[in-house]
Amino acid sequence: MNSNFDPFLENEKPVDLKRLLYQYVLRFWWLYFTCLLIALAGAWVYLRYATRQYQVKSTILIKTPETTSGEISQDFILTELGISNQVSNVENEIQILKSRTLMMEVVRRLRLNVIYEQEGRIKKGEQYLRSVVLVDTFALADNVKSLNLEVRPEAGDSSRFSLLSGEKSVIEGARFGDTLDTRWGLLVFSRNHQIREWPDGRVLIGFREPESIAGRYSGRLAIKRVGEWSSVLEISLKDPVPEKAADILNTLAQVYNEAAIKDKNKVAESTYNFLNDRLHILTGELSEAEGAVQDFKTRNTIPGDILLNVTNSLEEFKANDAELSRLELQSDILDNMESYLTSDNNNRDVLPANFIVENADLTQQTAQYNKLLQDRRLRLRDVKPDHPDIIAFDQQIASLRVVILSTIRSARGTLNRQMKTIRDKNEQLNKQIRGLPGIERDLIEITRTKNIKENLYIYLLQKREEASLSMAVAASNARVIDEARPGGGPVEPKKQLAYALAILLGLGLPIGTILVIDLLNDKIRSVEEIKQTCTAPVLGQIGHSRSEGNIAVKPGSRSAISEMFRLLRANLQFARTGEGSQVILISSGVSGEGKSFITLNLGITLALSNTRTVILGLDLRKPKLTRYLELEGTGRGLSTYLIGEASAEEIIQPSGVHDQLWFISSGPIPPNPAELIQNGRLQKLIEQLRQDFDYILMDSPPLGLVSDALFLNQMADRTLFVVRFNKTKRAFLQVLEEQIQQGKLNSPSLIFNGIKAGRGYGYGYGGYGYGYGYGYGYGYGYYEEEGKGRRKKEKEKKDKG
Numbered sequence: 002m003n004s005n006f007d008p009f010l011e012n013e014k015p016v017d018l019k020r021l022l023y024q025y026v027l028r029f030w031w032l033y034f035t036c037l038l039i040a041l042a043g044a045w046v047y048l049r050y051a052t053r054q055y056q057v058k059s060t061i062l063i064k065t066p067e068t069t070s071g072e073i074s075q076d077f078i079l080t081e082l083g084i085s086n087q088v089s090n091v092e093n094e095i096q097i098l099k100s101r102t103l104m105m106e107v108v109r110r111l112r113l114n115v116i117y118e119q120e121g122r123i124k125k126g127e128q129y130l131r132s133v134v135l136v137d138t139f140a141l142a143d144n145v146k147s148l149n150l151e152v153r154p155e156a157g158d159s160s161r162f163s164l165l166s167g168e169k170s171v172i173e174g175a176r177f178g179d180t181l182d183t184r185w186g187l188l189v190f191s192r193n194h195q196i197r198e199w200p201d202g203r204v205l206i207g208f209r210e211p212e213s214i215a216g217r218y219s220g221r222l223a224i225k226r227v228g229e230w231s232s233v234l235e236i237s238l239k240d241p242v243p244e245k246a247a248d249i250l251n252t253l254a255q256v257y258n259e260a261a262i263k264d265k266n267k268v269a270e271s272t273y274n275f276l277n278d279r280l281h282i283l284t285g286e287l288s289e290a291e292g293a294v295q296d297f298k299t300r301n302t303i304p305g306d307i308l309l310n311v312t313n314s315l316e317e318f319k320a321n322d323a324e325l326s327r328l329e330l331q332s333d334i335l336d337n338m339e340s341y342l343t344s345d346n347n348n349r350d351v352l353p354a355n356f357i358v359e360n361a362d363l364t365q366q367t368a369q370y371n372k373l374l375q376d377r378r379l380r381l382r383d384v385k386p387d388h389p390d391i392i393a394f395d396q397q398i399a400s401l402r403v404v405i406l407s408t409i410r411s412a413r414g415t416l417n418r419q420m421k422t423i424r425d426k427n428e429q430l431n432k433q434i435r436g437l438p439g440i441e442r443d444l445i446e447i448t449r450t451k452n453i454k455e456n457l458y459i460y461l462l463q464k465r466e467e468a469s470l471s472m473a474v475a476a477s478n479a480r481v482i483d484e485a486r487p488g489g490g491p492v493e494p495k496k497q498l499a500y501a502l503a504i505l506l507g508l509g510l511p512i513g514t515i516l517v518i519d520l521l522n523d524k525i526r527s528v529e530e531i532k533q534t535c536t537a538p539v540l541g542q543i544g545h546s547r548s549e550g551n552i553a554v555k556p557g558s559r560s561a562i563s564e565m566f567r568l569l570r571a572n573l574q575f576a577r578t579g580e581g582s583q584v585i586l587i588s589s590g591v592s593g594e595g596k597s598f599i600t601l602n603l604g605i606t607l608a609l610s611n612t613r614t615v616i617l618g619l620d621l622r623k624p625k626l627t628r629y630l631e632l633e634g635t636g637r638g639l640s641t642y643l644i645g646e647a648s649a650e651e652i653i654q655p656s657g658v659h660d661q662l663w664f665i666s667s668g669p670i671p672p673n674p675a676e677l678i679q680n681g682r683l684q685k686l687i688e689q690l691r692q693d694f695d696y697i698l699m700d701s702p703p704l705g706l707v708s709d710a711l712f713l714n715q716m717a718d719r720t721l722f723v724v725r726f727n728k729t730k731r732a733f734l735q736v737l738e739e740q741i742q743q744g745k746l747n748s749p750s751l752i753f754n755g756i757k758a759g760r761g762y763g764y765g766y767g768g769y770g771y772g773y774g775y776g777y778g779y780g781y782g783y784y785e786e787e788g789k790g791r792r793k794k795e796k797e798k799k800d801k802g
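Just so we're aligned, residue 2 is where the sequence shown starts under our numbering, counting upward by one.
Derived from the structure by calculation, the hints contain no laboratory data. Among these hints, one or two may not hold up.
In silico lysine-lysine, BS3-like type, Cα no more than 25 Å apart, as pairs [unchecked claim]:
1. K124 - K239
2. K426 - K451
3. K426 - K555
Cβ pair distances, simulated, as ranges [claimed, not checked]:
4. K146 - R378: 22 to 30 Å
5. Y50 - K146: 28 to 36 Å
6. T35 - G178: 54 to 62 Å
7. E631 - V736: 33 to 41 Å
8. D660 - I512: 26 to 34 Å
9. T35 - D660: 49 to 57 Å
10. T514 - Q195: 54 to 62 Å
11. A140 - I39: 50 to 58 Å
Beta carbons: idealized from backbone N, C-alpha and C, even for Gly.
All chains should be modelled from the sequences, with the hints used to inform the complete structure.
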């Protein structure tokens, strides 16, 4: 036989999915079923009693400046370049729509800080305007932040009610419509006549701080652009009462437009006031000029031909003076705007609307500047000055102020050139007038002054009217495309998601628990774990059977466990090295791993093959074999032999199980077993036994507890270590592997004991072969006896019942 051939090295196999499925799933089917059932029941209860949320949507169009006819605006050019300012403007409007300030006005108008609820069997439900009782007016004290009241009808009188706070009655017998003076303030309740029947549950009315309600709804408001470059916004809100959500969205759009118109009118009002101030000054100057003309005509008798000449001369000045007055007014306005922008006191006030200065760039920049100021002021109501949004506004305003100042300087230069041209024309006319007689010349000058003031006055009146019309026809910022309307089913809780999560939890929790327990388990539970830890071959696997006693192998037995011992015997014979008798040491890591059970039944199995076998009970500290064999103690055994009080012939006794199996008991428990084993007499006994027996099985103490096994290993041809399912720890195999690597053990092999069928680690022929073909095709029913035994017991139990 080739000694280099190792029959226990099996080919590397892929992952056994069937075994894993059985080990982690089918084995614990009841746990998965229970957890899944509980999770699904929990999901059903959650869906049954969770507050349903309804989503209501509205769509609005944010208006943006359109391009004028025949001109290309700055926004159009930026849009074509992909950097449209319109995008930032729409984003600003989104922030304004989500501001707490606008929502505060919505809360005030809809009185959302008054909450109507009705108590059910399990939970409370909000009634909104469907409550049987409504609050007409209320004026709570400043120190009242939150208040919960119950309205309870009086028995027999539907027009009266009692007011309770908690379980204490505050007011009894009050009438609907009466003003109630309570310790919280003045309250007026009215009966909702649309609800005829008083509900069974308690009617609850709560008062909350408007600021907290506004913050809650502004935080739940969702606004998104319909398209990347679109100015159409979709506004949505989730709420348990869809009618309330629709009212909030529609009122928000209304409040937003009103706030935008109010902000626009601030600019128009500023312009109107500016023009009024100018007209007030000009009115006095015009009166003085008219009075001067009248006085001159009264003091002097002016012939008709002179008046005709004066009229003709003034006609030549009229157009020039009117244009010059208009340009000078524009220049004054530019000076005022420059002073306004450079002053530290006015850097947060809006500029007057540019009705007078005829400069398209300046008009657009002024409008944009005022819009930024308005947006900043509105945002500042919700955040602090150091907020990133405010800092961004300040940067935009500062940059735009520099641009406006540059535009003002450019426009002033243009005006100066235009005014110089007109003054040059007037100077030519003045040279002609200087040649006229004194009376005619003086009349022309004072009349010309009056005409200048008069033309300017009319011009300012016209501009003031334009400002007035601007206030009257100020357009809203948004146009409602689709109003919010309640309708549709609830969007939360999501039924499919709830059941999906329940299934995931119901399956994931047990498998996670099983995996964690498996990872934390430090005990050996499979042959694969043994192979990963120790290089010693697994010589056999012995199943766990409660139906068998200590003697599991009997003559003629065809039970599964008997066949496992027969397979172990076959593998042991193939692994045999050398000729002559074999001394086999059987040990384990700790007590209780089945070492003595394996020794006894392996000895019986060897004896059944007609080989003389003797078992030595070398576990002198905790002997079990005598009890297993049900032999009476003779007072003689290994301990008496080792101390020289008995001979070898005196301690060898028949096992009583098979005529080829003999037994040497441990004898009386000595106080010094380690010293007795090493006194030299045991070696002589082993040599003597080699002459008479084919197999000598030594049942030694556990290797992990005492050193006896290491000494006995020196006399053994092969060492078998018993590894018990779910009892032997990996640490023992690691220690065993270290000893194997150090060469301390003779031909070490392993026996996997106590495998439980149906636990994912099941045993059976074809599942643990070692390359010989043993146990793969016998086909004569290894489990026949076990099956018959179980059926017989079940029948006897049924007959007794």
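So, going through the hints one by one against the coordinates:
1. K124 - K239: holds, 20 Å
2. K426 - K451: Judged against 25 Å, a Cα distance of about 20 Å means the pair holds.
3. K426 - K555: violated, 141 Å
4. K146 - R378: 22 to 30 Å: Given a distance of about 28 Å, which is inside 22 to 30 Å, the answer is holds.
5. Y50 - K146: 28 to 36 Å: holds, 29 Å
6. T35 - G178: 54 to 62 Å: holds, 59 Å
7. E631 - V736: 33 to 41 Å: Distance hint for E631, V736 holds at roughly 35 Å.
8. D660 - I512: 26 to 34 Å: Check failed, 54 Å falls outside 26 to 34 Å.
9. T35 - D660: 49 to 57 Å: holds, 55 Å
10. T514 - Q195: 54 to 62 Å: holds, 55 Å
11. A140 - I39: 50 to 58 Å: With Cβ atoms ~52 Å apart, the hint holds.
The structure fails hints 3 and 8 (numbered hints given earlier, in ascending order).
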